[in-house]
Amino acid sequence: MALPRALVALATALRRLPGIGPRQALRLGFFLFRNKPIAQAMALALKTLYEEVRLCPKCFRLISTGEQTCTICANRLRRKPTLAIVEEDIDADQLEKTGAFQGLYFILGGRFSPRGGALEQQGLRINELKARIMQEKDFLEEIVLATNPTADGDALTLYLLRELKPFGIKTTRLGRGLPLGGEIEHADEETLKGAIEHRT
Numbered sequence: 000m001a002l003p004r005a006l007v008a009l010a011t012a013l014r015r016l017p018g019i020g021p022r023q024a025l026r027l028g029f030f031l032f033r034n035k036p037i038a039q040a041m042a043l044a045l046k047t048l049y050e051e052v053r054l055c056p057k058c059f060r061l062i063s064t065g066e067q068t069c070t071i072c073a074n075r076l077r078r079k080p081t082l083a084i085v086e087e088d089i090d091a092d093q094l095e096k097t098g099a100f101q102g103l104y105f106i107l108g109g110r111f112s113p114r115g116g117a118l119e120q121q122g123l124r125i126n127e128l129k130a131r132i133m134q135e136k137d138f139l140e141e142i143v144l145a146t147n148p149t150a151d152g153d154a155l156t157l158y159l160l161r162e163l164k165p166f167g168i169k170t171t172r173l174g175r176g177l178p179l180g181g182e183i184e185h186a187d188e189e190t191l192k193g194a195i196e197h198r199t
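Per numbering that gives the first Met the number 0, the sequence shown starts with residue 0, numbered consecutively.
Do not rely on the hints blindly, as some may be mistaken.
Restraint ranges, calculated between C-beta atoms of paired labels, are given here [stated by the list, open to error]: (1) ALA5 <-> PHE166: 49 to 55 Å; (2) GLN39 <-> MET133: 28 to 34 Å; (3) GLY18 <-> ALA99: 26 to 32 Å; (4) PHE32 <-> GLU141: 22 to 28 Å; (5) VAL7 <-> LYS79: 47 to 53 Å; (6) GLU50 <-> ASP137: 34 to 40 Å; (7) GLU50 <-> LEU6: 25 to 31 Å; (8) PRO165 <-> PHE30: 29 to 35 Å; (9) GLU188 <-> PRO80: 22 to 28 Å; (10) ALA99 <-> PHE29: 33 to 39 Å; (11) TYR49 <-> ALA5: 20 to 26 Å; (12) LYS79 <-> PHE30: 43 to 49 Å; (13) GLU50 <-> PHE29: 26 to 32 Å.
Hints listed in this document are in silico derivations from the structure and should not be mistaken for laboratory results. Note that the Cβ used here is the ideal one computed from N, Cα and C, for glycine as well.
Generate coordinates for the entire structure from the input sequences, incorporating the hints supplied.
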């Protein structure tokens, strides 16, 4: 039985979300069709998201359009000489919950994967990172590579070590209390706190 094109198009769009497979995408499509108020609320929330949220120009965290920078970059009490490089916003949020890191952040975004001996890099803010380090190199004392302890995260760490070496700034990475193959966003606060305190 052929499904309506609009439903198939919606399911195809939903499949682009992390963790959503073809069957789940189709079930969500049916659910949204049968629950019009929920679908309308979601559509409005998405429209509002793109109207009222933008990226912090310093660290690339999400902020409201009325803010100049995020609250962390604006906080004068943060340890400015320490910069943690994380893959996604949620990783910075998880590190913040521990209370163990008092420095600043830089969100790389994008994707990085070693595939077939070649490096695949999509949307990473490497040039922006280098520009920020160049601006702050006179008082930066440490760069913390807070990447996920996965094969891709390890490859990204090696790539960053090579790219940042010319700056001559002490570069460390999170300690290995994190499980191999795990992601920062799923780690508990105590494990993350230990990884921050035992960075190497």
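Hint check:
{"no.": "1", "hint": "ALA5 <-> PHE166: 49 to 55 Å", "in the structure": "holds (52 Å)"}
{"no.": "2", "hint": "GLN39 <-> MET133: 28 to 34 Å", "in the structure": "violated (47 Å)"}
{"no.": "3", "hint": "GLY18 <-> ALA99: 26 to 32 Å", "in the structure": "holds (28 Å)"}
{"no.": "4", "hint": "PHE32 <-> GLU141: 22 to 28 Å", "in the structure": "violated (52 Å)"}
{"no.": "5", "hint": "VAL7 <-> LYS79: 47 to 53 Å", "in the structure": "holds (51 Å)"}
{"no.": "6", "hint": "GLU50 <-> ASP137: 34 to 40 Å", "in the structure": "holds (38 Å)"}
{"no.": "7", "hint": "GLU50 <-> LEU6: 25 to 31 Å", "in the structure": "holds (27 Å)"}
{"no.": "8", "hint": "PRO165 <-> PHE30: 29 to 35 Å", "in the structure": "violated (52 Å)"}
{"no.": "9", "hint": "GLU188 <-> PRO80: 22 to 28 Å", "in the structure": "holds (24 Å)"}
{"no.": "10", "hint": "ALA99 <-> PHE29: 33 to 39 Å", "in the structure": "violated (45 Å)"}
{"no.": "11", "hint": "TYR49 <-> ALA5: 20 to 26 Å", "in the structure": "holds (22 Å)"}
{"no.": "12", "hint": "LYS79 <-> PHE30: 43 to 49 Å", "in the structure": "holds (47 Å)"}
{"no.": "13", "hint": "GLU50 <-> PHE29: 26 to 32 Å", "in the structure": "holds (29 Å)"}
Comparing the model with each numbered hint stated earlier shows that hints 2, 4, 8, 10 do not hold.
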